[in-house]
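K.L.:
Sequence:
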Amino acid sequence: MPRFALITGASSGLGLALAEALARRGRHLILVARQRDALESIAYELTQRFGVEVLYRTCDLSEPLQLSGLLHELNQGEREIDLLVNNAGIGTSGLYVEQDWSREQELIELNVLALARLCHEIGGAMASRGIGQILNVASVAGFQPGAWMSNYYASKAYVLHFSEGLREELKVHGVGVSVLCPGPTRTAFFRGARMAGEKLEGSKLMMSAEEVALITVKALEKNRAIIIPGWRNRLLAMSPRLSPRWLVRRLAGRINKAYLPK
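With full-length UniProt numbering applied, the sequence shown corresponds to residues 1 to 262, in that order.
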């Protein structure tokens with residue numbers, strides 16, 4: 001049975017960069033996102049460039065019924081998934097109680113519930129076979145609270161801690177679990193979260209999606225538990241442990257508020 005890497009949020013940004021980095025290494029792919037036209041174009045290009053089989057499925061993972069349909073199709077198929085990349089996610093910003101609840105609920109459904117369900121279903125199949133690897137995408141935001149992006153920061157803290165716990169549970173079943181915690185990355189994230197990401201363009205913290213993907217794939221080959229690309233981002237992740245919590249809360253909130261649209 002052929003083995004595939006399944007990547008969510010694969011139509012742009014970091015998901016697309018990870019798809020290309022894995023295809024370059026000869027990995028067959030199943031790409032999942034909402035944009036059918038983009039997925040079709042990406043699948044054709046990666047197949048032509050790298051000679052791998054690239055399938056795609058359109059699915060809004062924040063919709064439980066669509067996610068159920070995707071999982072049913074995958075379970076009925078003959079393609080074995082030995083690498084799950086949970087990359088799909090969104091951000092929101094602003095005063096939490098003033099935000100549209102449907103958007104905040106979508107964040108939880110996508111960043112937390114869909115990721116957890118995919119790990120449960122596909123991770124369970126990996127454990128039964130005694131082989132596989134899971135990569136969950138969190139953020140350096142997961143190491144601290146973040147006022148003005150409170151729901152997003154909390155969702156990434158869940159992904160970080162969930163992944164570390166799952167790693168301990170599944171390692172005895174031959175399944176590796178890694179969590180990626182990037183810092184600011186040149187993707188459409190800031191636009192989607194309605195933040196002024198262009199203010200970060202000159203920052204040394206900003207990395208390209210391709211750079212993050214390359215570091216990530218190399219770390220996956222070594223089965224790293226926590227992957228934090230860039231030494232500056234590693235310092236960011238470490239700093240909350242060395243500072244008083246009141247100061248961590250205040251600084252993170254001040255930084256996030258500075259990037260809100262005026």
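Calculated directly from the structure, the hints in this document are not laboratory data.
Be a bit skeptical, because a hint or two may be false.
[Said to hold, decoys possible] Computed list of lysine-lysine pairs in DSSO-like fashion (alpha-carbon distance at most 30 angstroms, straight line):
hint, residue 1, residue 2
1, K222, K171
2, K222, K204
3, K218, K204
4, K218, K171
5, K171, K204
K.L.:
Taking the hints in turn, state whether each one holds.
P.N.:
Hints, one by one, checked against the model:
1. K222 - K171: holds (14 angstroms)
2. K222 - K204: Holds: K222 and K204 sit about 26 angstroms apart, inside 30 angstroms.
3. K218 - K204: Holds, at about 22 angstroms.
4. K218 - K171: holds (19 angstroms)
5. K171 - K204: Between K171 and K204 the Cα gap is close to 36 angstroms, so the pair fails against 30 angstroms, i.e. violated.
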